[in-house]
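Undergrad: As they're listed, the protein sequences go chains X and C. Residue numbering for the first sequence follows my numbering, starting at 1 and increasing by one per position. Residue numbering for the second sequence follows my numbering, starting at 377 and increasing by one per position.
Incorrect hints may have been included.
What the hints assert, rightly or not - Chain C side only, calculated, beta carbon under 7 Å to chain X, not exhaustive: (1) 424; (2) 518; (3) 519; (4) 590; (5) 591.
For the record, the hints were derived by calculation from the structure and aren't laboratory data. Heads up, the beta-carbon is just placed ideally off N, CA and C, and yes, glycines get one too.
Now for the letters of each chain:
2 protein chains.
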Amino acid sequence: MDQLDQAILSNGAAAYVGYASSIDPDMRYLTRFQTTDPVLFLKRPGERGLVVVSQMEYARAASESTFSPLTRGEAGLFTHWKDPSDRWAAMAAAIAGLAKGDVLVPPSFPIALARGLESHCRVIVDDGTIQRLRAVKVPGEVQEIRSVQRANEAAMAAAIGLIRAAEVRDGLLVLGGEALTAERVRAECHVTLLAHGCRAADTIVACGEQSALPHLRGTGPLAADEPIVIDIFPEDELSGYFADMTRTVVKGEPSPEVRSMFVAVRDAKALALSRIRAGASGAEVHQAVVDHFAAQGYATEGQAGFTHNLGHGVGLEVHELPTLGPVGGPLEAGNVVTVEPGLYLPGVGGVRLEDMGLVTADGFENFTRFDEELVL
Amino acid sequence: MDQLDQAILSNGAAAYVGYASSIDPDMRYLTRFQTTDPVLFLKRPGERGLVVVSQMEYARAASESTFSPLTRGEAGLFTHWKDPSDRWAAMAAAIAGLAKGDVLVPPSFPIALARGLESHCRVIVDDGTIQRLRAVKVPGEVQEIRSVQRANEAAMAAAIGLIRAAEVRDGLLVLGGEALTAERVRAECHVTLLAHGCRAADTIVACGEQSALPHLRGTGPLAADEPIVIDIFPEDELSGYFADMTRTVVKGEPSPEVRSMFVAVRDAKALALSRIRAGASGAEVHQAVVDHFAAQGYATEGQAGFTHNLGHGVGLEVHELPTLGPVGGPLEAGNVVTVEPGLYLPGVGGVRLEDMGLVTADGFENFTRFDEELVL
């Protein structure tokens with residue numbers, strides 16, 4: 001937390017203040033406390049941070065959080081809380097009592113609480129210290145993410161296993177006498193993840209025309225001879241860390257266009273992986289892939305072709321810093337990033353392949369250990 | 377959306393602006409668009425609202441959202457975006473161009489974006505219009521929540537089924553030759569929920585001493601003759617609506633204290649349900665339960681006894697308005713609320729029972745259809 005103290009001091013503030021539930025990844029990172037309801041986090045330089053929780057959360061916070069809990073009563077909240085509409089003002093007064101000076105807050109800090117604080121002190125908006133801290137993983141975090149990726153590969157193997165085992169009837173996939181649908185494959189992924197202590201939302205199983213929209217969840221029967229994009233991004237239920245991977249498969253015979261797209265995407269991924277190292281910029285790695293696709297005649301702007309960023313950081317959020325895209329800055333050793341080139345052609349479908357791994361001083365350590373097999 | 381237009385006008389603003397992902401329930405409610413990355417929502421009175429999404433989300437937003445999508449480029453974002461550190465300023469400039477006047481924002485609006493907007497217009501903080509709108513459910517929402525509750529009851533039945541089927545060896549529960557743990561019961565709940573298209577996080581399965589902390593998740597082997605509190609609050613994967621219920625069971629012989637606590641809690645729930653109707657205040661229903669417990673000699677303050685609010689609204693958040701607690705205001709027809717009295721005694725354990733249902737003009741329509749059986 002030295003960097004947080006430095007940020008407080010260099011901004012001329014007396015304390016850093018956050019207010020969010022652990023759905024907020026910065027808050028989760030700072031407090032390591034998992035909670036549905038928002039908690040207050042406050043840290044003064046050189047002092048231990050504290051989290052203000054409801055009385056019923058106190059004992060749990062004492063055992064789980066990195067920091068010392070204080071009940072709302074102890075924090076002075078009820079002293080100031082005259083009626084329900086006072087909520088933000090009461091919290092601001094309690095914070096001012098604890099901060100003893102100007103406060104540094106994250107960019108996402110609620111405007112209502114900031115307005116309340118402004119009648120006690122200056123409110124200085126931090127430029128993303130916690131997000132930058134989060135982008136560089138310590139070994140324990142790398143271990144957590146690797147472990148989620150193992151679960152992710154089990155889920156991908158289960159999904160692809162269903163598609164492989166299916167028969168083709170009238171152009172559609174059938175397994176055990178029933179249509180093999182996107183929903184059924186998704187459920188198989190999710191049950192597999194649960195058994196590994198992970199959960200996933202919005203897993204993409206998109207077939208044919210659906211796969212041409214990169215973020216469509218996918219529904220209905222899966223078809224033979226069409227690309228099926230499977231993109232799974234689970235979160236460990238306890239640690240809160242994510243992993244992220246994508247594979248594209250065809251049951252049957254892909255069209256020549258899809259075969260060409262697959263080769264172009266696979267080569268794009270290999271090219272990008274070879275360019276990643278500490279000091280390379282996210283923008284230049286992205287541009288290398290843009291140039292690669294453009295050289296093969298694919299569009300790299302608009303609604304078709306390569307239409308999204310090459311990759312992103314992964315940690316307590318599935319999308320976090322750094323960015324592998326047009327505005328991406330220098331990569332650092334300790335970044336965990338995805339590399340996910342994709343091509344999307346309306347009327348044909350989409351192909352995406354995504355690996356995830358660690359940026360190191362001299363390269364990229366790929367966490368993903370999974371075949372790139374187009375035809376099942 | 378008439379009430380939103382009214383709020384804009386009565387605050388003297390030209391537009392309402394939100395910026396969040398669909399993790400933010402207000403945003404989910406307004407846009408009905410499910411997304412991991414933040415989107416911008418903007419509405420001017422009498423005009424259709426619009427959502428600004430990335431280009432890759434455009435087609436999906438067009439088919440799923442209540443409102444017309446605009447790409448970031450169309451919204452003018454890139455015109456203002458000179459370099460990556462310009463992000464908030466660029467977005468503020470684009471918003472100002474669309475809002476054409478002062479903006480009304482929710483209390484949770486990010487301070488960094490508000491500061492950017494303040495150089496273009498006045499930023500007025502709304503006092504919770506959307507949360508109040510969300511608190512009164514329309515029939516379609518009631519239907520969604522009821523349906524999640526059916527899934528929840530299937531999960532509870534599966535959990536209790538495991539405990540019922542267990543044998544007792546050396547005071548611990550054993551099923552199929554293996555220890556029956558909190559983790560195993562939780563996994564059974566979650567797999568059952570998945571099969572119903574729902575997901576749950578942090579399901580509580582807390583036994584014995586663990587059950588004396590109301591929000592502890594619970595871990596390890598389950599014991600005979602001790603209370604086991606099971607609290608499940610799943611979310612429908614597609615609709616985003618929650619349900620919430622709790623039961624307390626004992627495999628074997630409860631202590632006399634636990635039996636007494638169970639009766640007191642069961643009676644408290646019945647008492648509270650009989651008091652709920654439109655116009656009753658959340659504070660008075662809560663107080664009735666406090667008085668009931670106090671009359672039987674249980675503490676109603678501090679770390680033991682009845683230590684939390686009686687209940688809360690349920691919808692796109694598991695905890696939302698209205699509050700059944702000391703600061704709770706009048707209930708309205710259309711509120712969906714939990715009633716969850718509990719008693720917690722360190723060294724003894726905890727007992728909690730929780731139902732959920734609809735506040736009506738003349739009473740309470742309980743969605744929960746599940747036995748209150750202490751001894752299995």
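Undergrad: Which of the stated hints cannot be reconciled with the structure, identified by number in ascending sequence?
TA: Hint check: 1, 2 and 3 fail, others pass.
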